[in-house]
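Asker: Residue strings, one per chain:
2 protein chains.
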Amino acid sequence: MFEEKIRLGNLYDFYGSLLTKKQYEILGLYCVDDLSLGEISENLNISRQAVYDTIKRSKKTLKGYEEKLGLLSKFSSTRDKVNDLIDNIDSLNIAINSDEKKDNLLDEIERIKKALGDILDGTL
Amino acid sequence: MFEEKIRLGNLYDFYGSLLTKKQYEILGLYCVDDLSLGEISENLNISRQAVYDTIKRSKKTLKGYEEKLGLLSKFSSTRDKVNDLIDNIDSLNIAINSDEKKDNLLDEIERIKKALGDILDGTL
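Chains as they are written, first to last, in the working numbering: chain A, 1 to 124; chain B, 1 to 124.
FYI, nobody ran anything at the bench for these hints, they're computed from the structure. A hint or two may mislead.
Note that the list lumps identical chains together, so a pair holds whenever it fits in one copy or between two copies.
Cross-link-like lysine-lysine pairs, in silico, DSS-like; alpha carbons within 27 angstroms at most [what the hints assert, rightly or not]:
id : residue 1 : residue 2
1  : K113      : K74
2  : K102      : K63
3  : K59       : K74
4  : K113      : K60
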């Protein structure tokens, strides 16, 4: 449930501007401000059912955009690769600090360059 | 004109799947296969005016998505930063090869880590 809300928040960040103004407002209260359906209903003075329906419809819309475009998944994949690369750079840092052999350092650099190339391919 | 077509091709790669089937087909012939309006008109057996109108409307749609989402610009910016980083890694490679002082190598590593952090922020 919690993970699903995070995922919805990500979709909202990515594609939220394609929702209607009302959908954008209600879904923002739900997944950014983390209000309950009851709280949103009270805040906006609309029925709980209307809140529920709007969230359901908005979710469907956002998921539809991701199914078609897949850009969130592309971005997440880039993030993961960059995080891996930061680990590689940390290893290189340690290797230089401990006077590792030049050949080993250059091998590590090669790996880093390959990883960067992969990131670049993913942004095409 | 040529640059505009490249830009349109990028928008098409990014958001093309949100076009109607017909728009997708015609714009693909125009900016991926690089056919002229006359050629598309002949190929699909529709009037040149219809081709022109469809391309114009499709362009507007794609630009509208980018104005709202800005994801192409986000991706391009990531690409530029990754390319800069590849240059930095090349410099580091040369520096290690020419037995540059450890402190200088570590400084370079720090810069690279900072640049990776920037890339990560850009993918949020």
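Asker: Now tell me if each hint is right for this structure.
Answerer: Status of the hints after comparison with the structure:
1. K113 / K74: Both. Shortest intra-copy (20 angstroms) and inter-copy (22 angstroms) distances satisfy the 27 angstroms Cα cut-off.
2. K102 / K63: Neither, since 49 angstroms and 50 angstroms both go past 27 angstroms.
3. K59 / K74: This pair counts as both: shortest intra-copy Cα distance 19 angstroms, inter-copy 23 angstroms.
4. K113 / K60: neither (40 angstroms within a copy, 38 angstroms between copies)
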